[in-house]
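**Student:** The task is simple: from the sequences and hints, build the whole structure.
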Amino acid sequence: MSKILFSLLFLLMIAWTGSAQADLVLIANPAIAENTISREEAINIYMGRLRRFPSGASAQPLDLPANGTEKALFYRLLVNKELSDIDAYWARLVFSGRASPPHTVGSLQEMLERVAGETNVIGYVDRAFVDKRVRVIMELPSTGAR
Amino acid sequence: MRNFWSNSILIRTTFILAISAGLVGALFIDLAASVIADRFHHQAYSRLGELIDTVERTVSIACYLPDKPLAGEVVQGLMKNREIASIAIFDAKKEQLAGLSRPIEHVDTDMHGLPEIRRPVISPFDPDSVVGEIVLIPDHMEITRRIAQNVDDVKGLLGIELAVLSLVVISMIVLMVIRPIRRISDDLHAMNAPAGDKLTPPRGHANDEIGQVVENVNALVDDLVCALREEQTLRLYREAGEKKYLAIFDNAEAGICLLETDGRITSHNPAFARMTGLCLAPDPLENSPSLKKLHCRYPAKIEAALSTCLQTDITVTEDIELLDSGSDSLWLHLILTPIGQGLVQGIISDITELTLAKQAAEDASKAKSAFLASMSHELRTPLNAIIGFAQLLEMDKLTPLFDEQKIAVGHIMTSGRHLLNLINEILDLARIESGNLNIHLENIELAPLIEEAVSLSLPSATTRQINIRQLCSNEIAVRADLQRLRQILLNLLSNAIKYNRQGGSVTLFCDWVSDYVRITVVDTGLGIPDERRPEMFQPFHRLGAERTSIEGTGIGLVVCQRLIKAMGGRIGFDSTTGVGSRFWIELPPAAGTREIATAVSVAASKNNSTKSQVFSNRVVYIEDNLTNINVMKHVFRLLPDIELLTAKNAESGLEMIFETQPGLVLMDINLPGMTGLEAIRRLKTHPDTASIPVIAVSAAAMLGDVELGLKSGVTSYLTKPFDVPDLIAQVRKALNKTATSEIGLI
Numbered sequence: 001m002s003k004i005l006f007s008l009l010f011l012l013m014i015a016w017t018g019s020a021q022a023d024l025v026l027i028a029n030p031a032i033a034e035n036t037i038s039r040e041e042a043i044n045i046y047m048g049r050l051r052r053f054p055s056g057a058s059a060q061p062l063d064l065p066a067n068g069t070e071k072a073l074f075y076r077l078l079v080n081k082e083l084s085d086i087d088a089y090w091a092r093l094v095f096s097g098r099a100s101p102p103h104t105v106g107s108l109q110e111m112l113e114r115v116a117g118e119t120n121v122i123g124y125v126d127r128a129f130v131d132k133r134v135r136v137i138m139e140l141p142s143t144g145a146r
Numbered sequence: 147m148r149n150f151w152s153n154s155i156l157i158r159t160t161f162i163l164a165i166s167a168g169l170v171g172a173l174f175i176d177l178a179a180s181v182i183a184d185r186f187h188h189q190a191y192s193r194l195g196e197l198i199d200t201v202e203r204t205v206s207i208a209c210y211l212p213d214k215p216l217a218g219e220v221v222q223g224l225m226k227n228r229e230i231a232s233i234a235i236f237d238a239k240k241e242q243l244a245g246l247s248r249p250i251e252h253v254d255t256d257m258h259g260l261p262e263i264r265r266p267v268i269s270p271f272d273p274d275s276v277v278g279e280i281v282l283i284p285d286h287m288e289i290t291r292r293i294a295q296n297v298d299d300v301k302g303l304l305g306i307e308l309a310v311l312s313l314v315v316i317s318m319i320v321l322m323v324i325r326p327i328r329r330i331s332d333d334l335h336a337m338n339a340p341a342g343d344k345l346t347p348p349r350g351h352a353n354d355e356i357g358q359v360v361e362n363v364n365a366l367v368d369d370l371v372c373a374l375r376e377e378q379t380l381r382l383y384r385e386a387g388e389k390k391y392l393a394i395f396d397n398a399e400a401g402i403c404l405l406e407t408d409g410r411i412t413s414h415n416p417a418f419a420r421m422t423g424l425c426l427a428p429d430p431l432e433n434s435p436s437l438k439k440l441h442c443r444y445p446a447k448i449e450a451a452l453s454t455c456l457q458t459d460i461t462v463t464e465d466i467e468l469l470d471s472g473s474d475s476l477w478l479h480l481i482l483t484p485i486g487q488g489l490v491q492g493i494i495s496d497i498t499e500l501t502l503a504k505q506a507a508e509d510a511s512k513a514k515s516a517f518l519a520s521m522s523h524e525l526r527t528p529l530n531a532i533i534g535f536a537q538l539l540e541m542d543k544l545t546p547l548f549d550e551q552k553i554a555v556g557h558i559m560t561s562g563r564h565l566l567n568l569i570n571e572i573l574d575l576a577r578i579e580s581g582n583l584n585i586h587l588e589n590i591e592l593a594p595l596i597e598e599a600v601s602l603s604l605p606s607a608t609t610r611q612i613n614i615r616q617l618c619s620n621e622i623a624v625r626a627d628l629q630r631l632r633q634i635l636l637n638l639l640s641n642a643i644k645y646n647r648q649g650g651s652v653t654l655f656c657d658w659v660s661d662y663v664r665i666t667v668v669d670t671g672l673g674i675p676d677e678r679r680p681e682m683f684q685p686f687h688r689l690g691a692e693r694t695s696i697e698g699t700g701i702g703l704v705v706c707q708r709l710i711k712a713m714g715g716r717i718g719f720d721s722t723t724g725v726g727s728r729f730w731i732e733l734p735p736a737a738g739t740r741e742i743a744t745a746v747s748v749a750a751s752k753n754n755s756t757k758s759q760v761f762s763n764r765v766v767y768i769e770d771n772l773t774n775i776n777v778m779k780h781v782f783r784l785l786p787d788i789e790l791l792t793a794k795n796a797e798s799g800l801e802m803i804f805e806t807q808p809g810l811v812l813m814d815i816n817l818p819g820m821t822g823l824e825a826i827r828r829l830k831t832h833p834d835t836a837s838i839p840v841i842a843v844s845a846a847a848m849l850g851d852v853e854l855g856l857k858s859g860v861t862s863y864l865t866k867p868f869d870v871p872d873l874i875a876q877v878r879k880a881l882n883k884t885a886t887s888e889i890g891l892i
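Chains as they are written, first to last, in this note's numbering: chain A, 1 to 146; chain B, 147 to 892.
Simulated from the structure, these hints should not be mistaken for lab results. Careful, some of the hints might be misleading.
[To be verified] Just so you have them, the derived chain B footprint on chain A, three or more residues with Cβ under 8 Å: (1) 47 to 57; (2) 102 to 111.
[As the list claims (entries may be wrong)] With beta-carbon atoms standing in for the labels, derived distance ranges: (3) B/200 to A/83: 20 to 26 Å; (4) B/247 to A/119: 44 to 50 Å; (5) A/57 to B/272: 21 to 27 Å; (6) B/176 to A/83: 57 to 63 Å; (7) B/195 to A/83: 39 to 45 Å; (8) A/66 to B/302: 34 to 40 Å; (9) B/266 to A/83: 23 to 29 Å; (10) A/109 to B/215: 23 to 29 Å; (11) A/117 to B/246: 46 to 52 Å; (12) B/272 to A/117: 31 to 37 Å; (13) B/247 to A/139: 45 to 51 Å; (14) A/139 to B/272: 18 to 24 Å; (15) A/83 to B/181: 45 to 51 Å; (16) B/266 to A/57: 29 to 35 Å.
Just so you know, even glycine gets a beta-carbon here, dropped at the ideal spot from N, CA and C.
**Tutor:** Now the structure itself:
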């Protein structure tokens with residue numbers, strides 16, 4: 001009995017770690033000029049500093065709602081910040097109006113649709129969701145997160 | 147001001163407090179200001195740093211984006227702080243994102259601005275990348291103003307504190323020092339110390355310094371009062387002493403005066419004025435009288451006495467004779483005593499009566515001596531005839547006497563000798579009592595002297611069959627007068643023989659008794675009863691012997707006692723009735739180094755009358771008394787080989803001597819005209835006659851006369867009445883000597 005309970009717990013743990021360790025990837029329309037972008041460029045785009053691709057084409061970042069695990073994971077992997085930090089960051093910029101936070105889409109599916117449909121957006125999804133319609137321009141392996 | 151300053155503790159304290167408070171305050175404020183400024187600067191910088199910290203993130207974002215409005219917001223926000231003079235935010239490209247400066251009010255005062263704060267701005271996402279810079283310049287004016295405000299606050303507080311402290315100190319001094327001291331001072335003024343008043347310490351100060359001061363003052367007052375009382379007592383004593391002295395000074399019989407060193411009299415008593423006639427002038431400016439001005443016989447004596455007194459600092463006495471009171475002179479005894487400070491006290495007493503009495507006594511004594519001398523001469527001259535003729539009668543071989551006549555002549559001779567003895571002893575006693583006794587102390591060896599005395603006493607001892615034993619050792623010597631000691635010994639021996647029993651014995655011995663030499667004479671006589679002891683040394687007491695047949699004058703022991711005393715010795719005796727007596731004399735021993743005079747034995751040489759045959763056989767006899775010449779002629783009948791020439795005075799005698807050149811001169815001393823002494827002097831000075839021996843034959847038996855005679859150069863001195871055998875012996879001896887020396891010359 002206890003053996004069964006123990007093996008069950010072990011399986012659950014495996015499953016959780018598997019989902020937590022899931023790699024996020026930056027995706028863009030395959031029509032863009034670049035195949036990859038650097039982390040620096042990704043940060044510039046997401047944090048509002050320079051919303052362009054290295055080629056000069058506009059790049060509007062898309063964000064996921066805060067209720068999922070992906071958004072927090074994304075910012076942790078990208079700039080190593082918690083969501084509260086990111087919120088505070090954007091709150092400071094509200095008054096100047098010079099920069100605005102990324103547009104939030106409803107779900108991963110919507111994110112995937114938007115990137116597949118438009119060339120001037122950039123988004124992030126779990127690697128598992130990626131399909132042929134989008135191009136992975138940067139990988140954010142969870143092990144590589146600092 | 148000065149007076150006021152030094153008179154008040156309060157003012158001094160206030161002044162010093164003010165100065166020290168000011169100095170301390172200023173110093174402290176100075177120090178405080180620099181500390182405050184330092185502190186405030188430091189605080190201002192840290193405050194500004196913290197301020198930057200609070201906006202850091204926002205600035206970081208502003209620089210990162212870069213976002214000028216956001217930077218401007220931040221800058222404006224920061225500028226609300228008045229300590230900031232200007233602020234600027236630069237992005238990574240050194241481009242200013244935002245900047246604001248406060249308008250500068252007075253530039254000239256801000257010569258050295260405060261250093262600016264530069265802070266690099268780090269990227270919000272990458273701690274390694276710098277995205278901009280924030281530069282902040284603090285407002286020096288504002289900071290200085292705030293510092294000044296703080297310092298002013300501290301200054302004010304310190305001032306108040308110092309003022310309050312000073313007030314407290316001053317009031318404490320007033321309450322705890324000045325007031326009690328004033329009270330003590332008032333009490334001191336009101337205090338009557340001799341009546342026993344005491345200071346009481348102010349309330350609450352009994353045990354502190356003020357209380358101690360009060361105690362010390364009380365102790366001092368006690369001491370002073372004690373000293374004062376002693377002083378008063380001493381003054382009373384001194385006054386009493388002075389009164390006493392003045393009473394003595396004024397009423398003394400003796401004259402008292404005070405002298406300066408030069409003899410001036412500064413004060414004297416009435417007796418002094420009365421005696422000397424000197425008087426102190428009432429006006430001190432006039433010359434005061436001097437002791438040296440006294441009109442006396444030897445004024446130098448006073449000066450000498452005064453200078454001696456001053457030099458030696460001891461009391462000097464002097465007798466002076468004042469001449470100025472009429473015919474009689476006044477004798478004064480002067481005592482000078484140095485009493486210090488260059489003053490001399492002189493005391494004079496009138497000794498006129500004393501001096502006159504002394505002179506009278508001396509005159510009387512001289513008269514007595516002269517009387518005794520002449521009496522001696524007058525008594526001896528007839529005795530000479532009596533004894534001389536009796537001896538001649540006895541010795542006359544041509545017409546021998548009958549037995550009865552012989553007995554009668556014997557009585558005459560015995561009585562004559564007794565009388566002669568008596569006269570001699572009375573003379574001695576008189577001489578001793580008049581103080582004319584001449585003692586010549588010399589070192590004398592006892593043994594020869596005792597031998598001589600014993601041999602002289604032997605004849606009388608032999609007649610009574612008394613045995614004399616002499617037990618004196620040779621070494622003992624004494625210090626005495628030879629003649630007198632001989633006299634004493636002879637006297638003691640003759641007494642021991644006279645008062646002995648027939649066939650008894652006399653023992654003589656010497657020994658040491660403590661520091662004296664004792665000569666003891668022991669006899670086997672009747673002894674002296676104890677109750678008669680006190681009479682032993684009284685003149686003319688013979689203890690009943692006057693009723694016996696024993697000859698004696700009762701003076702011998704008295705003379706012995708006086709002589710022994712004069713020589714510094716003692717005489718004494720002890721006796722047992724029926725067994726005998728022991729008489730002893732004690733004399734000081736001879737002084738070691740002196741030459742010991744040996745008593746020249748002149749023991750009568752009885753056997754040289756016939757031996758020498760060769761002599762010049764002419765003798766000149768100068769004598770004014772016919773009886774004496776007759777005696778001498780009868781004596782020389784016994785010497786048929788000698789020619790006797792006589793002269794009646796010195797002048798004719800001298801002529802005779804020059805003409806006849808005799809072998810011997812017999813010279814009387816008391817001659818009419820030229821005296822015998824003068825004649826002897828002439829003989830001895832003339833070369834022709836100087837060698838002729840001279841024998842003085844005189845009744846002048848006083849010691850002085852004998853001495854004079856011997857000094858003049860006579861061979862020997864015979865006193866009348868002379869002993870005939872002795873005379874014959876001396877004549878033969880002298881002639882024999884002359885003859886021998888003549889033979890030697892040829």
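**Student:** If a hint holds in the structure, say so; if it doesn't, say that too.
**Tutor:** Tested hints:
no.: 1; hint: 47 to 57; in the structure: holds (count 3)
no.: 2; hint: 102 to 111; in the structure: violated (count 0)
no.: 3; hint: B/200 to A/83: 20 to 26 Å; in the structure: holds, 23 Å
no.: 4; hint: B/247 to A/119: 44 to 50 Å; in the structure: holds, 48 Å
no.: 5; hint: A/57 to B/272: 21 to 27 Å; in the structure: holds, 25 Å
no.: 6; hint: B/176 to A/83: 57 to 63 Å; in the structure: holds, 58 Å
no.: 7; hint: B/195 to A/83: 39 to 45 Å; in the structure: violated, 30 Å
no.: 8; hint: A/66 to B/302: 34 to 40 Å; in the structure: violated, 60 Å
no.: 9; hint: B/266 to A/83: 23 to 29 Å; in the structure: holds, 28 Å
no.: 10; hint: A/109 to B/215: 23 to 29 Å; in the structure: violated, 37 Å
no.: 11; hint: A/117 to B/246: 46 to 52 Å; in the structure: holds, 47 Å
no.: 12; hint: B/272 to A/117: 31 to 37 Å; in the structure: holds, 33 Å
no.: 13; hint: B/247 to A/139: 45 to 51 Å; in the structure: holds, 49 Å
no.: 14; hint: A/139 to B/272: 18 to 24 Å; in the structure: holds, 20 Å
no.: 15; hint: A/83 to B/181: 45 to 51 Å; in the structure: holds, 49 Å
no.: 16; hint: B/266 to A/57: 29 to 35 Å; in the structure: holds, 33 Å
Checked against the numbered hints above, the structure violates hints 2, 7, 8, 10; every other hint is satisfied.
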